[in-house]
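Engineer: Sequence:
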Amino acid sequence: CTFATFWSVFDSIVGGDSVNRLVKSDKARTALRKSILNTISLSYKNIGVAQALAHLDIKSEAELSSFVKDNATVENISSDTLTFISNAENTKRDKVSQEGGVDYSTIRGLMASATVADE
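In the numbering used here, the protein residues as written are 1 to 119.
Everything labelled a hint here was simulated from the structure, so no lab data went into it. Cβ coordinates follow ideal geometry from the N, Cα and C atoms, glycine included. Don't take each hint at face value.
What the hints assert, rightly or not - Listed next, with one range per pair, are the computed distances between beta-carbon atoms:
1. 106 to 12: 25 to 33 angstroms
2. 12 to 89: 29 to 37 angstroms
3. 2 to 71: 17 to 25 angstroms
4. 86 to 19: 49 to 57 angstroms
5. 18 to 104: 54 to 62 angstroms
6. 22 to 76: 51 to 59 angstroms
7. 6 to 63: 52 to 60 angstroms
8. 48 to 25: 43 to 51 angstroms
9. 54 to 85: 18 to 26 angstroms
10. 78 to 42: 32 to 40 angstroms
To be verified - Pairs of lysine-lysine, DSSO-like flavour, derived with a Cα cap of 30 angstroms:
11. 45 to 59
12. 69 to 34
13. 24 to 59
14. 92 to 45
15. 27 to 69
16. 27 to 45
17. 59 to 69
18. 34 to 24
19. 92 to 24
20. 69 to 92
21. 34 to 45
22. 34 to 59
23. 27 to 59
24. 69 to 45
25. 34 to 92
Model the full structure from these sequences, guided by the hints.
Structural biologist: Written out as structure tokens, the structure is:
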């Protein structure tokens with residue numbers, strides 16, 4: 001993840017008045033933080049608090065706790081670990097059995113009929 005470096009780039013954006021207001025907007029920063037937190041929750045079940053602080057550009061654990069308390073993706077925050085609620089993306093899945101699947105001859109037949117239809 002390069003979210004930590006994103007913030008320095010975001011803070012350096014210079015433009016017209018509306019762009020400058022957007023970069024300094026607490027509402028925009030909060031929306032970006034929520035999006036980043038949701039993205040991280042899809043990949044990880046747990047993340048270190050220090051990593052979360054860097055990824056979200058938050059300066060203290062107290063501020064992080066306040067930010068995540070109403071977030072539906074966060075299950076728990078301890079002194080060194082932020083735990084996300086389990087979802088289909090961040091939990092280990094059993095290997096799907098290929099038994100009874102489509103065999104190569106069926107796929108070959110489908111591809112041949114698709115090729116004839118294109119011509």
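Engineer: For every hint, state whether the structure bears it out.
Structural biologist: Structure-based check of all given hints:
At about 55 angstroms, the beta-carbon gap between residue 106 and residue 12 misses the expected band of 25 to 33 angstroms. At roughly 32 angstroms, the beta-carbon separation of residue 12 and residue 89 lies within the given 29 to 37 angstroms, and the hint holds. The supplied range of 17 to 25 angstroms is met by residue 2 and residue 71, whose beta-carbon atoms lie about 22 angstroms from each other. Between residue 86 and residue 19 the CB atoms are about 39 angstroms apart, so this pair departs from the stated range of 49 to 57 angstroms.
Checked against the hint of 54 to 62 angstroms, the C-beta distance between residue 18 and residue 104 comes to roughly 56 angstroms, which is consistent with it. About 33 angstroms separates the C-beta atoms of residue 22 and residue 76, a value inconsistent with the hinted range of 51 to 59 angstroms. Look at residue 6 against residue 63: about 18 angstroms separates their beta carbons, and that is not inside 52 to 60 angstroms. A beta carbon spacing of about 28 angstroms between residue 48 and residue 25 contradicts the range 43 to 51 angstroms that was offered as a hint.
Checked against the given bound of 18 to 26 angstroms, the beta carbons of residue 54 and residue 85, roughly 22 angstroms apart, stay inside it. In this structure, residue 78 and residue 42 break the distance hint of 32 to 40 angstroms, their C-beta atoms being roughly 21 angstroms apart. The suggested pairing of residue 45 with residue 59 holds, with an alpha-carbon distance near 22 angstroms, which does not exceed 30 angstroms. Using a Cα cut-off of 30 angstroms, the hinted pair residue 69 and residue 34 holds, with the two alpha carbons roughly 12 angstroms apart.
The hinted pair formed by residue 24 and residue 59 meets the criterion: a straight-line CA distance of about 16 angstroms does not exceed 30 angstroms. Taking the CA atoms of residue 92 and residue 45, the gap is near 10 angstroms; set against the 30 angstroms cutoff, the hint holds. At roughly 17 angstroms between alpha-carbon atoms, residue 27 and residue 69 fall within 30 angstroms of each other, so this suggested pair holds. A hinted pair counts as satisfied when its Cα atoms are at most 30 angstroms apart, and residue 27 with residue 45 qualifies at roughly 27 angstroms.
Taken as a hint, the residue 59 and residue 69 pair is honoured in the structure, with Cα atoms around 16 angstroms apart against an allowance of 30 angstroms. A C-alpha spacing of about 16 angstroms is found between residue 34 and residue 24, which places the hinted pair at or below 30 angstroms, so the restraint holds. With a C-alpha separation of about 39 angstroms, the suggested pairing of residue 92 with residue 24 is violated against the 30 angstroms cut-off. In summary, the hint linking residue 69 to residue 92 is supported, as the alpha carbons are separated by about 26 angstroms, within the 30 angstroms threshold.
At most 30 angstroms may separate the alpha-carbon atoms for a hinted pair to count; residue 34 and residue 45 meet this at roughly 16 angstroms. A hinted pair counts as satisfied when its Cα atoms are at most 30 angstroms apart, and residue 34 with residue 59 qualifies at roughly 16 angstroms. Between residue 27 and residue 59 the CA atoms are separated by roughly 17 angstroms; this keeps the pair inside 30 angstroms, and the hint holds. For a cut-off of 30 angstroms, the pair hint linking residue 69 to residue 45 stands: about 17 angstroms separates their Cα positions.
Among the hinted pairs, residue 34 with residue 92 is consistent with the structure: their alpha-carbon atoms are about 24 angstroms apart, no more than 30 angstroms.
In this structure, the earlier hints numbered 1, 4, 6, 7, 8, 10, 19 are contradicted, and the remaining ones agree with it.
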